Amino acid sequence: MLKRRLRPRLFGIWVTACVRHRSTPRYLATDSDTPSLLKSVILRRARLEDYQSIIAIGDKYGGRDYFTSHFHGYLANKRCYPLVAELRGKAVGFHLSQQLDGGQAVMKRAARVHRDYPQLDVLQLMDRELDRYARKELSSARYEMFSVFNRAYERDRVDYLKVGYTDLLTKPIRCLHFNAKDFRNVKRPSQLNSVIPMTYNDLKHLFQHDRAIENLFPRKMLYNFMQGFRPLEVNIPLVWSNGKLAYATTTESIPQTSRPNTPDGDNLTRQMIERIDMVSFSLNYLAKIGLVYFIDIYAVNGFRSVSLKDHIQRHLNTVAKLTSGTGVLWLTLTANVDVERTAHCLMDYGVGHFLPTAEGSIHLLKRDIDRSGVT
19 MLKRRLRPRL FGIWVTACVR HRSTPRYLAT DSDTPSLLKS VILRRARLED YQSIIAIGDK
79 YGGRDYFTSH FHGYLANKRC YPLVAELRGK AVGFHLSQQL DGGQAVMKRA ARVHRDYPQL
139 DVLQLMDREL DRYARKELSS ARYEMFSVFN RAYERDRVDY LKVGYTDLLT KPIRCLHFNA
199 KDFRNVKRPS QLNSVIPMTY NDLKHLFQHD RAIENLFPRK MLYNFMQGFR PLEVNIPLVW
259 SNGKLAYATT TESIPQTSRP NTPDGDNLTR QMIERIDMVS FSLNYLAKIG LVYFIDIYAV
319 NGFRSVSLKD HIQRHLNTVA KLTSGTGVLW LTLTANVDVE RTAHCLMDYG VGHFLPTAEG
379 SIHLLKRDID RSGVT
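In this text, residue positions in the sequence shown follow my numbering: the first is 19, and each later residue adds one.
Dumping the calculated BS3-like pairs for lysine-lysine here, alpha-carbon to alpha-carbon at most 30 Å:
| id | residue 1 | residue 2 |
| --- | --- | --- |
| 1 | K384 | K180 |
| 2 | K199 | K327 |
| 3 | K78 | K108 |
| 4 | K222 | K384 |
| 5 | K205 | K262 |
| 6 | K339 | K306 |
| 7 | K199 | K306 |
| 8 | K262 | K327 |
| 9 | K57 | K108 |
| 10 | K78 | K339 |
| 11 | K96 | K306 |
| 12 | K57 | K180 |
| 13 | K238 | K96 |
| 14 | K154 | K96 |
| 15 | K384 | K262 |
| 16 | K238 | K262 |
| 17 | K199 | K262 |
| 18 | K108 | K96 |
| 19 | K154 | K108 |
| 20 | K154 | K180 |
| 21 | K57 | K154 |
| 22 | K154 | K238 |
| 23 | K339 | K327 |
| 24 | K154 | K384 |
| 25 | K96 | K262 |
| 26 | K78 | K384 |
| 27 | K180 | K78 |
| 28 | K222 | K262 |
| 29 | K57 | K78 |
| 30 | K205 | K339 |
| 31 | K327 | K205 |
| 32 | K96 | K78 |
| 33 | K96 | K384 |
| 34 | K339 | K222 |
| 35 | K78 | K199 |
Hints are computed from structural coordinates only; laboratory data are not their basis.
Remember, predicted model here, so these are calculated numbers, not experimental data.
Construct the entire structure; sequences and hints are all you get.
This is how it looks when you write it as structure tokens:
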């Protein structure tokens, strides 16, 4: 089979067009009718009835795609602009921008186009519309960001730089298969008192503590679940809501009797926040492959090795509550935490093998929003 690759410079997505094959898409980016076809594309906000058409585009991440679990949330979130490319009454493409940092930042994500249509061209149409929307409708937005995996980053970095993007953050990422029935030697939550569940107020106080922010978060930013954002109270729902969890450990174990018990729901005093050596965040959703569980870990220099093991065990307890079957665990860490050692620590607790095609790192890129010529 003869193949030609069309490599759009958009968010690490590349398109493979099959030529002279019985499964050839009806419309390719090289078809002579593409210009007239694109004139018929309608760009509009996504609607509930688009769900089945967009799901038919397919899974982008080998059974790990988050889209089916998040689509309805995108539509309900006033901070999101869920965009559909409609052709002949059918949604054939989807793209999204989400306001972060209290409206100062815009994150692009979830781009996809049905393979039967000119993918690169439709992606570019949607991307331009998101740019227009940010420039004209989001007056407080100052910059836009997107995430890309290492393979696409290495291939297309020069092109990103040419259009104004700069490197912001990079994190190693590992993807491991698990069967919850195989977990072993994992302590129960009652045996992991050093790992403190964080409340909304705890996160609020942490995000107001300049020294803790500087010690924990590279460039004073969080890079969780492939989204980049600043440690601001307005961003707490990104890490603490709808099943998302946050945990903390300190430089020395603090007896449970010494912890605060306030009507405001604090689990951490200011002194404890000053002594945090590690925080971890989790998000989970159901996908074709089963449960997908993210763990994002941040640590200060000189963190206790036991803190890392305790955080991992606390999350594995949560996984075991959510499923008794199989799934995938995504792991990201700050650069001062050895990713391979951490992954093998997970394996010691019964988490299975690395996914052979999984990504090695994720990269967050940023550029200023250009409003020149906007009226």
